[in-house]
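> The hints should help you fit chain H onto chain L, whose structure is shown.
Those protein sequences? They're chains L and H, same order as listed.
Sequential numbering of the first sequence, starting at 1, is according to the working numbering.
Sequential numbering of the second sequence, starting at 658, is according to the working numbering.
By construction, these hints were calculated from the structure, which means they are not laboratory data.
Treat the hints with caution; some may be incorrect.
[Claimed, not checked] Straight-line C-alpha distance at most 30 Å; calculated BS3-like pairs for lysine-lysine:
{"hint": "1", "chain 1": "L", "residue 1": "K161", "chain 2": "H", "residue 2": "K782"}
{"hint": "2", "chain 1": "H", "residue 1": "K971", "chain 2": "L", "residue 2": "K161"}
{"hint": "3", "chain 1": "L", "residue 1": "K3", "chain 2": "L", "residue 2": "K56"}
{"hint": "4", "chain 1": "L", "residue 1": "K339", "chain 2": "L", "residue 2": "K161"}
{"hint": "5", "chain 1": "H", "residue 1": "K884", "chain 2": "L", "residue 2": "K161"}
{"hint": "6", "chain 1": "H", "residue 1": "K665", "chain 2": "H", "residue 2": "K839"}
{"hint": "7", "chain 1": "L", "residue 1": "K161", "chain 2": "H", "residue 2": "K762"}
{"hint": "8", "chain 1": "L", "residue 1": "K2", "chain 2": "H", "residue 2": "K999"}
{"hint": "9", "chain 1": "H", "residue 1": "K1000", "chain 2": "L", "residue 2": "K161"}
{"hint": "10", "chain 1": "L", "residue 1": "K161", "chain 2": "H", "residue 2": "K906"}
{"hint": "11", "chain 1": "H", "residue 1": "K732", "chain 2": "H", "residue 2": "K762"}
{"hint": "12", "chain 1": "H", "residue 1": "K971", "chain 2": "H", "residue 2": "K665"}
{"hint": "13", "chain 1": "L", "residue 1": "K161", "chain 2": "H", "residue 2": "K999"}
{"hint": "14", "chain 1": "H", "residue 1": "K732", "chain 2": "H", "residue 2": "K839"}
{"hint": "15", "chain 1": "H", "residue 1": "K732", "chain 2": "L", "residue 2": "K155"}
{"hint": "16", "chain 1": "H", "residue 1": "K732", "chain 2": "H", "residue 2": "K665"}
{"hint": "17", "chain 1": "H", "residue 1": "K839", "chain 2": "H", "residue 2": "K825"}
Model, not experiment: these values are computed from the prediction.
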Amino acid sequence: MKKASKIFTALMFVFLFAPIAILLLFSFNEARSLSVFSGFSLKWYKELFRDTETLKTVRNTLVLAVCAAGVSTVMGTAAAVGIDRMRSKYLRSAMDMVTNIPMINPDIITGISMMLMFVFASRLFGFANSLSFITLLIAHITFCLPYVILQVLPKLRQMDKSLPEAAMDLGCTPWGAFWKVELPEIMPAIVTGMIMAFTLSLDDFVISYFTTGTGFQTLPIRIYNMTKKTVTPDMYALATLIFFVILALLLLSNLTDSEDSQKLRAARKAKRAASGRPPRDPRKQRILYACGGSLAVVAVAAAVIFAVTETDNKPQVLNVYNWGEYISDGSEGTLDTVKAFEVWYEEEYGRPVQVNYTTFASNEDMYAKLSFDAVSYDVVIPSDYMIARMIEEDMLLPLDFDNIPNYKYIADNFHGLYYDPEDAYSVPYAYGIVGIIYNANEVDEADAGGWDLMWNDKYAGRILQFNNSRDAFGTAMYRAGLDVNTTDRSAWDAALEDLLAQRSVVRSYVQDEVYNMMESGEAAVAAYYAGDYFTMLDAEAENVDLRFYYPEPTNFYIDAMCIPTCCQNKELAEIFINFMLSEEPAIANAEYTWYASPNTLVYENEDYIDEMGEDAMAILYPDWGDFAEKYNAYAYRNLDGELLDYINSLWETLKIN
Amino acid sequence: MDKIIELKNITKSFDGEVVLDNISLDIYDNEFLTLLGPSGCGKTTTLRLIGGFDTPDSGDVLFMGERINDLPPHKRNVNTVFQRYALFPHLNVFENVAFPLRERKTPRDELEQRVNEMLAMVALKGFEHRSVASLSGGQQQRVAIARALVGKPRVLLLDEPLAALDLKLRKDMQQELKNIQKATGITFVFVTHDQEEALSMSDTIVVMSEGRIQQIGSSQDVYNEPKNAFVADFIGESNIVDGVMLRDKVVSFSGHTFECVDGGFGPSEAVDVVVRPEDVDIVAEDAGMLRGVVTSVTFMGVHYEVIVDIGGFKWMIQTTDYVGVDERIGLYIEPDAIHIMKKSEYSGLYGDYASFSNEFDELADAESEAEE
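Here chain L stands alone, though its shape is the one from the complex (with noise of 0.2 Å):
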C-alpha cells in the first residue's frame, strides 16, 4: 500500500512536472527542431529579446493583468465587505450563488455574451470601435471579481466580529477601524485573491479572444495564431521565463508569510529594542506600504492610460491583421517590418503613424471577427476563397491603384484571378504550392513523382495524411484526375475510395505534427507546402535527408492584402500595402516566411536568388508557363454549405472506420 502510493505521488510528479522540464530543455536548444536536441544555446532567448511584436503582447497582457487583478481586488473586497454585512441571510446567501455563477460559466458563454453587450452597447450609444482595451478590461475584471470575493469573503465571516467593535471601542471611527484592524486581518485573504486574479487574467485566452478589440493583442491570442507555421522556439524561451517568473514570486509570497521570517522580524526587533531604541510604529510602517503599493498601482494604472490615450492621440492610426508568423518581425536579424513602415511613413509625409499588428489563425477566425462588425481593421491578408466569399458579401472595399504604384511589379501570373477576376479588391502578398516531402534515405528515387507516392505500400506506415477533409479529398482528386472543385458527388464519392484503400499505408493523419515527424524521420512522406518544407529542412535530424517534389497536378493558394469595409482610413492602408510591395520589405518577408513572392522585385532580386540558393528558387518558383491557367483550374474554390456538409460526413466516415 506505501509502496504504491509512493508509486503514484511519484508518477504525479513526472505527470506535473515532465511538459515543463521538456519546455525547459528545448527552450535552450541550438536547433528550431522539436525532435532533436542539438547543443545548449541561449539563442531563443536573444531572439524573444528582439522580437518586439511578442515583448509588446507580452507588455499588453501584463498590462491588462495588473488593472485587471488591481481592479477586481478593490471592487471585490468591497463586494465582499458588503455581502458580509448584509442583514439578511436570505440575501447573503443569494449574492453567495450569484458570485457564483460566472465561475461556473463556462468562458466561451461568457466570451460571446460579453461581446455581444459590448457590440450592442456600442451600437445604442453610437461609438465606432464597440471593441477596445476598455473592453477587454471590463471582460477581466468581471470574471476574476468571484474569485476575489471568494477569498476575501470567507475570511470576513472567520474573522472575530467584536475586533472592529474593539477598534471602534478605543477610539476608531468605523472606518477606521476598517482600514485599521479588518483590513490587516483579511488582508492575507486579499494578496491570494489579487494574485488569483492576476494569473487568470494572465493565461486567459478564450474571453480575451471574443473581447479584445483592435491593435490591442494578448500573448495567449499571438501564441494560438503562431500556428500559420510551428509555434517558435522563443515562445519555449518566453514560457520559460513566465515559469520562473512565477515561481519566484510563490516562494517570495510564501517565504514572507512563513513563521521563520515572522521570527526573523520579531528578533530583528527585539535587537532593536535591546539597543535602546524605541520601536517603530507597526501602523506607519504598514500606512507606509499601502501608500506605496497604492502609489504604484496609480503609477501603472496611469502609465496605461497614457499608453493607451497617446495611441488614440496619434492622428494616425494604421491596423493591421494578418496571419500569425507572417510578417517579417525584426527576429535573428531580419527587418522589422512595422517599425520600419513607421519610421518611413514618418519621414515621407512628416506625420507620425502607429501600426497595431495583430495575428489570427485561420481564415474563418478573421472572418468572424470582422462579420461581427465590432472591430475595425484597415488592412487584412486574407485567402484566395476567403476574399472570393468577402467580395461576395461586400466585406472588402475596391483599391485606389493610384495609391499603389508599385502593384506593377505584382508578376503578370497574377493578374484575372477566379477570386477577384477583375483586381479590384487584391494585391497578392505570398502564395505557396502543396508538394511532396520525402526522406530520401528511405524512398527510393524512383518512386518519387506524382501522387502515387502517397499510395505506395513498399512504405506502409511511413505516410502522413492531412488531418482535414478539403486536403486530404483533393491529394485523392488530384490523382484521380477529378476536379477538386466539382460539385458532382460520385467524384468525391471515388475519392473517397481511394481515401480508404490508402488508410493500410497511412502512419496518421496530421496538422502541425507534421514538422516534426518529418525532421525526426519518424515519417517518410507527406504533402505540404513548399515554404514549409524549407522550415523542416532547417530542422531535419542528422540521419534524414528532406527532398520535395511537385505532383502535377497540385493545389495553390494565394494569400492577398485587401481592405475591409471597416476601414477607418483607406488612403493609409494604401500606402502601407504599396510598401509592403517596395523591394526591402517585400524581400525581408519572402525570405522570413519562405512562401513564394508574386513580387517581381523579389523573385528577380539578385540577392534574393542567392540567399535562399538555387534549389530553392527552382521549388519555390517552378516554372509552369501560364500559371493563371493552372491555378483557375485546380485549386481550391469555396463549395456550397451542402456540400461541405456531405464532404465531411465521408470524412467522418473515412476516420471513424
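Quick look at chain H alone, frame taken from chain L:
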C-alpha cells in the same frame, strides 16, 4: 457618590424578540457593578448599549447626565474588555496596548510611559514584542485589560472576561480585577453568569432574567434577602417552599409553624419561603421541627450535600456531619435562617431538589454556554 451612567426605561428587541424590557439602572462612580443572569437575560445587550454598539428602541442612556443614545462608540469615554478579548492579531503586545493612544495622537514619550505602566500593572513587563497569538489565555486577558484601561476611561465594561479561563486562573484574575478597580478608581461594569464570581467581586449586583432586572443590591442583599424565587435560586442554593404568613414574624410551611424575622405581609398571605441549605441543622428525628428521609448524600469536600425528602418535597442540606442514606432525620431551622418573599411569577418554578443532580446542572451550564 455621583451617578455616572443612567439607563432610563430602556426597551430593545431584535427581530421582534424583546431582549430588554423597560430597564432602568443607575451606575455610580467608582463602583464595581455586576450584571448577573443566565444567558439570554439581556445582560450583554445592556453592556452593548452602554458601549454604544447597539441603540435602544426606546428609553435613554445618560452619561454624566447627558443623553448619549446616538453617540458612536469611539466618542464615548467608555472602554470594553471583550469576551474573547478581541486583541488585534497583526499587532504585538505593545502595539495592542498603544492602539487607543495612537488613535489619540499621544506624544511618543507619554505613550511609551503609559503603555509600560499598564503592562507593569498587569504583570506583562517583558512581553512587549511578543505576538498576541503566542500568549496564554490569561496573558491575553491581561493585554485586553491593559488596552482597555490605558486610555483612562471613566467606565470599563467587561463582557464575561473570565469565562474562557480555567478555575484556578479565574480565581486569581477575579482578585486581580478587583485590585485594579480599586487602584484605578474606574467604574467597572462586569457581566457574568457565574454567581460566585459576582458575589465575590461586586459592590452592586444587578440580577437579570428575561430582559428584566429582578433585583439590585449588594452581594449580601441579594444573597440574604432575595426578592423572588428566581434570585433566590440563581444565587446560591435555596430550598424554596410555599408558606403562609400567619402574622408578622410567624410563618407556616411544611406542616410546621416557624418563628422568623420578617414581617409586613397581609394576614394569611401566601408567600415563598427560602431556607439556605447551610442554615439547616440536622438533629435527631424527635428533636426536629421537620422530619424526613435521606435520599442521597454527596461528598463535596468541605461538606456533604444531603437531599432529604420531607413530605414529598426534597430539601437540600449542606452539613459537615455524615448521615446515611435512608436514615430518618430531623431538621432544625433558626428564625433568622428563614427568608420570606412575596409570591411572584417565578414561584413554584425553583427550589425543589427533586430532580437535582450535579451532573444535570453542569450539563445545563454547558448548553447555555454553547448557545452564546
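> Each hint: holds or not?
We went through each hint and held it up to the structure:
For the hint pairing K161 of chain L with K782 of chain H, the CA-to-CA distance comes to about 29 Å; that is within 30 Å, so the pair holds. This hinted pair does not check out: K971 of chain H and K161 of chain L have alpha carbons roughly 46 Å apart, beyond 30 Å. Using a Cα cut-off of 30 Å, the hinted pair K3 of chain L and K56 of chain L is violated, with the two alpha carbons roughly 50 Å apart. A threshold of 30 Å between alpha carbons decides the hint, and for K339 of chain L with K161 of chain L the separation of about 59 Å lies outside it, so the pair is violated.
The suggested pairing of K884 of chain H with K161 of chain L is violated, with an alpha-carbon distance near 37 Å, which exceeds 30 Å. A hinted pair counts as satisfied when its Cα atoms are at most 30 Å apart, and K665 of chain H with K839 of chain H qualifies at roughly 28 Å. Under the criterion of a C-alpha separation no larger than 30 Å, the hint pairing K161 of chain L with K762 of chain H is consistent with the structure, at around 26 Å. At most 30 Å may separate the alpha-carbon atoms for a hinted pair to count; K2 of chain L and K999 of chain H exceed this at roughly 75 Å.
Among the hinted pairs, K1000 of chain H with K161 of chain L is inconsistent with the structure: their alpha-carbon atoms are about 42 Å apart, more than 30 Å. Using a Cα cut-off of 30 Å, the hinted pair K161 of chain L and K906 of chain H is violated, with the two alpha carbons roughly 54 Å apart. The suggested pairing of K732 of chain H with K762 of chain H holds, with an alpha-carbon distance near 15 Å, which does not exceed 30 Å. The suggested pairing of K971 of chain H with K665 of chain H is violated, with an alpha-carbon distance near 41 Å, which exceeds 30 Å.
Restraint check: the Cα-Cα separation between K161 of chain L and K999 of chain H comes to about 43 Å, which exceeds 30 Å; the hinted pair is violated. The hinted pair formed by K732 of chain H and K839 of chain H meets the criterion: a straight-line CA distance of about 25 Å does not exceed 30 Å. Between K732 of chain H and K155 of chain L, the direct Cα distance comes to roughly 29 Å. Compliance with the 30 Å bound is thereby established for this hinted pair. Simply put, K732 of chain H and K665 of chain H have alpha-carbon atoms about 21 Å apart, close enough for the 30 Å limit, and the pair holds.
As the CA atoms of K839 of chain H and K825 of chain H are separated by approximately 22 Å, the hinted pair is consistent with the 30 Å bound.
Of the numbered hints given earlier, the model fails hints 2, 3, 4, 5, 8, 9, 10, 12 and 13; all others are met.
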